[in-house]
Amino acid sequence: MYRQKYIFLLPGLLVLVAIILFPLLFTIRVSFSSWDVYNPGLNWIGGENYARLWEDARYWEALTRLSVLTVGTVLLQYTLGFALALLVWRDIIARRFFRVLFLVPMMTTPVVMSVIWRTIFHESLGPLNPILDAIGIGAQPWLSQAGHAFAAVMIVEVWQWTPFMFLLLLAGLLSLPNEPFLAARIDGAGPIRTFLSVTFPMMGAISVGAILIRLIEASKLMETVYVLTSGGPGTSTETTSYYIYIRGMRDFQIGYSASLSLTYLIVMSVALTLIAKALIRLMVKDRT
Amino acid sequence: MTTKTTLRGALLATSALMISAGLAAAQDYSKYGIKEDVPGACSFASIDAKDYSGRTLNIITHAIPVIGEPTALHAQQFQELTGATVNVVHVPFGDLFQRIMIPFQTGQQAYDVLFFASLWLGDFNPYLAEVPQAYQEVSGMQSVTPTYKGVATWNGKMLNYTMDGDRHYLKYRSDVFSNPEMQALFKEKTGRDLTVPATWEEYNEVAAVFNNMDWDGDGAPNFGTAEVTKRDDLMFSAFISRVAAYAKHPDVKGGFFFDLATMEPLVNTPGWVKGLEMFVAAQASMPPGGTSFGLGDEIFSFGGGQALMSYSWDDAFIQAMQEDSPIRNKVAAAPLPGATEVWNRTTGQWDKFDTPNTAPYVTWGWSSAVASASENQDMAFDYLCFFGNEANTLADLQIGRFGVNPYREAHFDPAFYETELGWDVNTATTYTDTLKAIDGGQNQVFDLRVPGVGEFMSSLAAGVARAQSGEATAQEALDGVAAEWKAIVDRIGVDRVREAYANVVALEDK
Chain X
1 MYRQKYIFLL PGLLVLVAII LFPLLFTIRV SFSSWDVYNP GLNWIGGENY
51 ARLWEDARYW EALTRLSVLT VGTVLLQYTL GFALALLVWR DIIARRFFRV
101 LFLVPMMTTP VVMSVIWRTI FHESLGPLNP ILDAIGIGAQ PWLSQAGHAF
151 AAVMIVEVWQ WTPFMFLLLL AGLLSLPNEP FLAARIDGAG PIRTFLSVTF
201 PMMGAISVGA ILIRLIEASK LMETVYVLTS GGPGTSTETT SYYIYIRGMR
251 DFQIGYSASL SLTYLIVMSV ALTLIAKALI RLMVKDRT
Chain B
1 MTTKTTLRGA LLATSALMIS AGLAAAQDYS KYGIKEDVPG ACSFASIDAK
51 DYSGRTLNII THAIPVIGEP TALHAQQFQE LTGATVNVVH VPFGDLFQRI
101 MIPFQTGQQA YDVLFFASLW LGDFNPYLAE VPQAYQEVSG MQSVTPTYKG
151 VATWNGKMLN YTMDGDRHYL KYRSDVFSNP EMQALFKEKT GRDLTVPATW
201 EEYNEVAAVF NNMDWDGDGA PNFGTAEVTK RDDLMFSAFI SRVAAYAKHP
251 DVKGGFFFDL ATMEPLVNTP GWVKGLEMFV AAQASMPPGG TSFGLGDEIF
301 SFGGGQALMS YSWDDAFIQA MQEDSPIRNK VAAAPLPGAT EVWNRTTGQW
351 DKFDTPNTAP YVTWGWSSAV ASASENQDMA FDYLCFFGNE ANTLADLQIG
401 RFGVNPYREA HFDPAFYETE LGWDVNTATT YTDTLKAIDG GQNQVFDLRV
451 PGVGEFMSSL AAGVARAQSG EATAQEALDG VAAEWKAIVD RIGVDRVREA
501 YANVVALEDK
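Taken in order, these protein sequences are the chains called X and B.
What the first sequence shows, in UniProt numbering, is residues 1 to 288, in sequence order.
What the second sequence shows, in UniProt numbering, is residues 1 to 510, in sequence order.
Just so you know, not all the hints are guaranteed correct.
[Stated by the list, open to error] Derived contacts from chain X toward chain B, CB cut-off under 7 Å, selection only:
hint, residue
1, V37
2, Y38
3, P40
4, L42
5, H122
6, S144
7, V227
8, S230
9, G232
10, P233
11, G234
12, R250
13, D251
[Stated by the list, open to error] Here are a few chain B residues that sit away from chain X, every Cβ distance over 12 Å (derived from the structure):
hint, residue
14, H62
15, N87
16, V209
17, T262
18, D413
19, V425
20, S469
21, G493
Quick caveat, the hints were computed from the structure, so don't treat them as lab data.
Note that the structure is a prediction, hence the values are computed from the model and not measured.
Idealized CB from N, CA, C, for every residue including glycine.
Chain B on its own, in the form it takes in the complex (with noise of 0.2 Å):
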């Protein structure tokens, strides 16, 4: 394709959907559950406009509800709006990489769309489409925050069409930390004040004196953390979490998962092992059985008023606050906590710091995307617009088990979930200023995302499961991970993981 006709091509996508926009007719399309249509390329009333009544497009996406709810619901509602024939694959999460991947390999045409784990790029970019100049400047893609454009772009271009965004960040009972009764405690068995914990060593520290004692009064005993313990259950993004303090040095560019220059791991240098130590160390102020917690058990332990910290993504923190929930209103958010002593891989040495260094983890997230080889790419984006317009995703955004998560400038507003979902003012704010401070911070630290990324961080799971059963030493057990990752390395090539890594690194060191 030469540039020319990409030029005309971007011309007619843009004034088609100018054109639609335009026509639209002012509608209510409340009835699909949407408080009202907000105007633009990819609303409902623009949408309605089109007609792609004979042709058929083809979805696949993670089983029903996480992303699978809405994706069905959208594509229900493009159906419908347009006249396409729009057929949905659900697929459990632990077959989805594979459902996507063989088609691609194999040249099948199986699928227009495809929702998957935005950390999946590294593998799935060569057969990705670009989104359209035209799709790129809608105002529901202008609005996305400059994290979460990085997160779906690869070499310059935007492949992925963003339609979530995800971090970890600390959760806490805002109810215990600030009771009088409990402060007096924690002063009593520290010596120091209650306050969120600003270090992973306070983290623990907190999470020991209220291990195991009934501090909300309903007669069952309370624990200190709930954390994704279990192996093969996005563990690994936990212990990236508990990391990354320790080993991602402000001052330090080029590298935290690997160093770019030379392709070696860092998984076994001290800032990774002492990440491990407090992890693992973290065991004995978990619930019963939260030395395998799965990311359900998570949700439901810390949602459910079990725990009084924890920390991962969103769903946690929104299952606490279901209007059903006896802790609505009584969680806050916060930064993950940071470290004092840093890792300095260049000097050899910790550094020390007055201020902890933290290290906002953007980890994960769903992603969507159109397969190069679609032919049916322009009702494909249309979808994907669509699904991820203002008025949808504000819709999406207030249903938890629907896994769509803020990513636009105008999701931070607390005045939303105070107005729209009865937020308390404290609640709505922390969560807001949390999510803020981790978009627009400094010394982030962001997916591996390189070909092979599912064997690398099965490899890291399965290091951090030794160390926590006991089978080796935190030192021996990353030692092991960083043989292993050389051998993947090796594999793979280092020139091809390097090019990939370069877009992470390029991320980070921003």
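In isolation and in its complexed conformation, chain X is listed as follows (with noise of 0.2 Å):
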């Protein structure tokens, strides 16, 4: 009779296995094989992919950069979004409209979105540096030098992502209980003061989680990238998503690009639950 629960688990073992164990096993098993354009199939080459790995400097730079682009972004995201929340969090004029306006970018398709700004920022026919010389600060080259690029990727992103920031930070506002704030205005406690001891406390563990989200989502940063700058000037912008997709799909080695792939998801998880650890003792006072 004890036993025969394990029968009812049986399905949902068997779809989780096949979902997401197999492809992640049938992973590993091509990392140690040399499966490419002209050696197809699962031979076996034991470490020598991650050996290549090991001193391919092209991949650790992509990698390097994804984390500055990664952090950077994620951050601006959560400032702006947290500002927007705060902005729509009580009664202001029009709120719904700005609640529905603020997610439409969160809305749109990533490619297409990408599509859209590289045409505004198309140094000579798009919109945006006829702008910047109207007001004085000149036409920039957004996507020909390697700075301007870099900022040109993170300010869409920043576009693109802050609404999902903006879309759970206003719903853990909207969750805290009112007896605080109470507390605090018969403190005498000002706006600032109130957000520095009230607001941002009581939002720790929800800011923690929309962060941590983000970050994972913004480590496999690659649409964008492909369609703005296909990782130039140079390699100014080539991040590891774009890099392992221009080894495994374009280059074709598919062996190899399984490495990769593994060594990135293996250091993202450990720098990822090295950054969640960090933000919770940070952020959240009631650790329990």
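Using the hints, put the two chains back together into the complex; each one sits in its own frame.
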């Protein structure tokens, strides 16, 4: 009787194995093969791909670049998302309209929006440079100089995903109990003091959740780079995902790209776990 | 399969094609967008006489419009004429290689007909069916120029079904070059007459003089040159165009990308380095953002009237010659510029040429093929022969976005462009003269059609991009590429790459 309950778990477990474990195990196996355009199939080459990866400077540069890009964009998204959520949290005119408006970028397809942004940033035909010229800032080499291209990728990412932060943080704000705010008001706390001592601490848990979700998503950054810059100028905007795409899909080095992907998965898992622990320690006071 | 059965099959196929051609009744097929049907084994009438009811043809092709649109159009027509069910899968370029290769490698019979870049033949050739002799003898195939028949051939077998012809050439604004004011300005600034650039040095000089000035009088600044410079957007082809004249010595045989004898990469030899230096130097004469132009940007920039000169495939030229184009009939074509100094890798010296050395670059081109595992090879080849029949091709050539470009002797007749497309004499003549010069030219360069070409070109583009962005000097960047190429060759196997590369060298050294 006791053992029979496992029979009921079996379908779920099989689905789990099929959906999650099999692709992962298969990728691990592929990463130990030289499967490419001229050696199809799963031969065994031991750790050659991992040894090659260790010396692949372009991969590690892409990983470093991705880290900067991810942390930078997520911090900006968090700050802006929190500010927007605070703006429409209380009763303001057309609150519902603004709530929907702020969500629009998130609902658009990243590839499509990247194409539109590429047109906006186009240095001779796009509308951005004439506007910058008109207000005295001057035209900028958005996609043809390394620093600017990096900034352009960040701008698109922040524009697209700030609404996600906004959505989660607004939901968090709306779920906060009213009593602490009443107590703060009775104690004479002003808006800044209330934010620092009441709102922000109480939003700690949901902030950590939102930041982590975005860090996980942002660390897979690919479409924006693909459409906007193709990793250039030079390799200045090449992220890990884009590099893996080039090696796997363009160069058809299936075995090697599997080892790149797995290493990337391990590095990101470790990094995100450490970041999560640090964030919880910093932002969540009541850690039980 | 024995020789006897092969011959019998070829005879049967030939007979079938001849009978169907003979049975075809004179009928009006102009509703399909053609001017008139051209009799022959692949004509509308001949295909109409076939019955493929109950059978299904699966095709994989590029996204609409380039090649994808004519594929779908002719698939629809083929379906209506034969009763077959034709499924067309459109795939973005970035995914096309792997969407074809994975079913090949895993033994799936996913597609009967494949449209792909002709330079992938080095990778795909083990999986493709040879074009049957009967189809090689149809009139449409007989009139394909030897250059493009060569591109379709691998180890003596025709594996690609030719339906497009591509090459790089120079495009320029003929109205500016013939304008006395501009000629005087150029003379004043350089001390020489304004001529169509015969060398890359002249190209860069002309581009610099006419950069960032309003030479067309529309109130907006114009620029010297528009080139494909974006790393993963076919920039490697533009770079090879820049390099060929310096590195392809007419008297040195045995390889342009590699020394065929040793399989040592030649990409970091002085000719290549010089080409890269000139490519980087030209960045100063490009429009804003020109250092990250993809092919689409280059087409729009030259075709839209922004840039004085450009070089790449036909697209920008055709864009400029669209009926609604502001620069229609104000453009002309010429072969790629050459070089008066050419690196001789045999002597290890620069050789001087009084007449600039030129090296026509026959690059890319869409191609098509039938999978050897296909169970519908008869229908698949019929579809391709219908796609490329004379009537369809003449119609397709007139629609720029289709991406079908001249590849038959008849396509090099200026009268066609004058009468059918309304081009003026100068434009049509320079265009067809240029195409003819490339097609019949000496010292041609072809794409590196070897296993792993994507990897070689990806490495090359990344190195060139490093030099373009200032991350490395031209020599450092190409030294890096050469090191990567050596590693790639070692991984694939020297003999395997050499065997494949010998096909390319055979085309170049013919």
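Evaluated hints:
Hint status for X/V37: holds, given a least beta-carbon distance of 5 Å to chain B, under 7 Å. For X/Y38, the suggested interface contact is upheld, since its CB lies about 4 Å from the closest CB of chain B, less than 7 Å. At its closest, the beta carbon of X/P40 sits 4 Å from a beta carbon of chain B; the interface hint therefore holds under the 7 Å criterion. Residue-level restraint check for X/L42 is violated (minimum Cβ-Cβ distance to chain B is 11 Å; threshold 7 Å).
Among the interface hints, the one on X/H122 holds; its C-beta lies about 6 Å from the nearest C-beta in chain B, closer than the 7 Å criterion. Annotation: interface hint on X/S144 holds; nearest CB of chain B at approximately 4 Å, less than 7 Å. Taken as an interface hint, X/V227 does not check out: its beta carbon lies about 10 Å from the nearest beta carbon of chain B, beyond 7 Å. The closest approach between the C-beta of X/S230 and any C-beta of chain B is roughly 4 Å, which is under the 7 Å cut-off, so the hint is satisfied.
A least Cβ separation of about 5 Å between X/G232 and chain B falls short of the 7 Å threshold, and the interface hint therefore holds. The beta carbon of X/P233 comes within 4 Å of a beta carbon in chain B, closer than 7 Å, and the hint placing it at the interface holds. Checking X/G234 against chain B by beta carbon gives a least distance of about 3 Å; that is within 7 Å, so the hint holds. Evaluation of the X/R250 hint against chain B yields a held restraint, the C-beta minimum of about 5 Å falling below 7 Å.
Nearest Cβ of chain B to the Cβ of X/D251: about 4 Å, under the 7 Å cut. The hint holds. With a minimum CB-CB distance of about 15 Å to chain X, B/H62 clears the 12 Å threshold, and the non-interface call stands. Under the 12 Å C-beta cut-off, the non-interface status given to B/N87 relative to chain X holds; the minimum distance is some 23 Å. No beta-carbon of chain X comes within 12 Å of the beta-carbon of B/V209; the shortest separation is about 19 Å.
Taking the minimum C-beta to C-beta distance to chain X, about 20 Å, the non-interface status of B/T262 holds against the 12 Å cut. Against chain X, the non-interface label of B/D413 holds: every CB pair exceeds 12 Å, the least being about 36 Å. At roughly 32 Å from the closest C-beta of chain X, the C-beta of B/V425 stays outside 12 Å, upholding its exclusion from the interface. Its beta-carbon lying about 3 Å from the closest one in chain X, B/S469 breaks the requirement of being farther than 12 Å from that chain.
Listed as outside the interface, B/G493 is inconsistent with that label: its C-beta sits roughly 8 Å from the nearest C-beta of chain X, within the 12 Å cut-off.
In terms of the numbered hints stated before, the structure departs from hints 4, 7, 20, 21, listed from lowest to highest.
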